[in-house]
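> Residue numbers (the working numbering): 45 to 140.
Among the hints, erroneous ones may be present.
Stated by the list, open to error - Derived DSS-like pairs (lysine-lysine); straight-line CA-CA distance at most 30 Å:
#1 K53 - K117
#2 K77 - K53
#3 K53 - K68
#4 K117 - K77
#5 K68 - K117
FYI, nobody ran anything at the bench for these hints, they're computed from the structure.
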Amino acid sequence: MTGYVMFRKDRLGRRGGRVILYIKESIQAYEIKLEKEAECEEAVWCNIVTGNSTLTVGLVYRSPNISMEENEKIRNAIEDCIIMGDFNHGYTGAFS
Numbered sequence: 045m046t047g048y049v050m051f052r053k054d055r056l057g058r059r060g061g062r063v064i065l066y067i068k069e070s071i072q073a074y075e076i077k078l079e080k081e082a083e084c085e086e087a088v089w090c091n092i093v094t095g096n097s098t099l100t101v102g103l104v105y106r107s108p109n110i111s112m113e114e115n116e117k118i119r120n121a122i123e124d125c126i127i128m129g130d131f132n133h134g135y136t137g138a139f140s
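Please model the complete structure; the sequences and the hints are all you need to start from.
Quick look at the structure:
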């Protein structure tokens with residue numbers, strides 16, 4: 045996409061699946077890696093520099109068979125962050 049930087053993580057060893065995060069070119073951002081125990085096969089993490097501070101943003105896909113404990117590892121890996129994505133955990137509402 046013109047005017048945006050793409051951060052992408054493809055699913056390994058299986059067909060399909062990836063997460064892509066687009067950030068406007070005018071925003072200073074760089075990809076980061078989480079600690080090994082909190083890594084997720086289908087997630088991309090970026091730090092966005094805003095003036096004197098940095099905001100960590102994560103885009104995550106979790107399959108329905110992932111436990112809540114595994115999701116908690118991701119949540120606890122970074123103290124101040126925004127986590128977005130598809131967590132597929134226990135939601136059985138009308139829009140699932």
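> Now, for every hint given, state plainly whether the structure supports it.
To see whether the hints hold, each was checked on the structure:
no.: 1; hint: K53 - K117; result: holds, 19 Å
no.: 2; hint: K77 - K53; result: holds, 11 Å
no.: 3; hint: K53 - K68; result: holds, 18 Å
no.: 4; hint: K117 - K77; result: holds, 14 Å
no.: 5; hint: K68 - K117; result: holds, 29 Å
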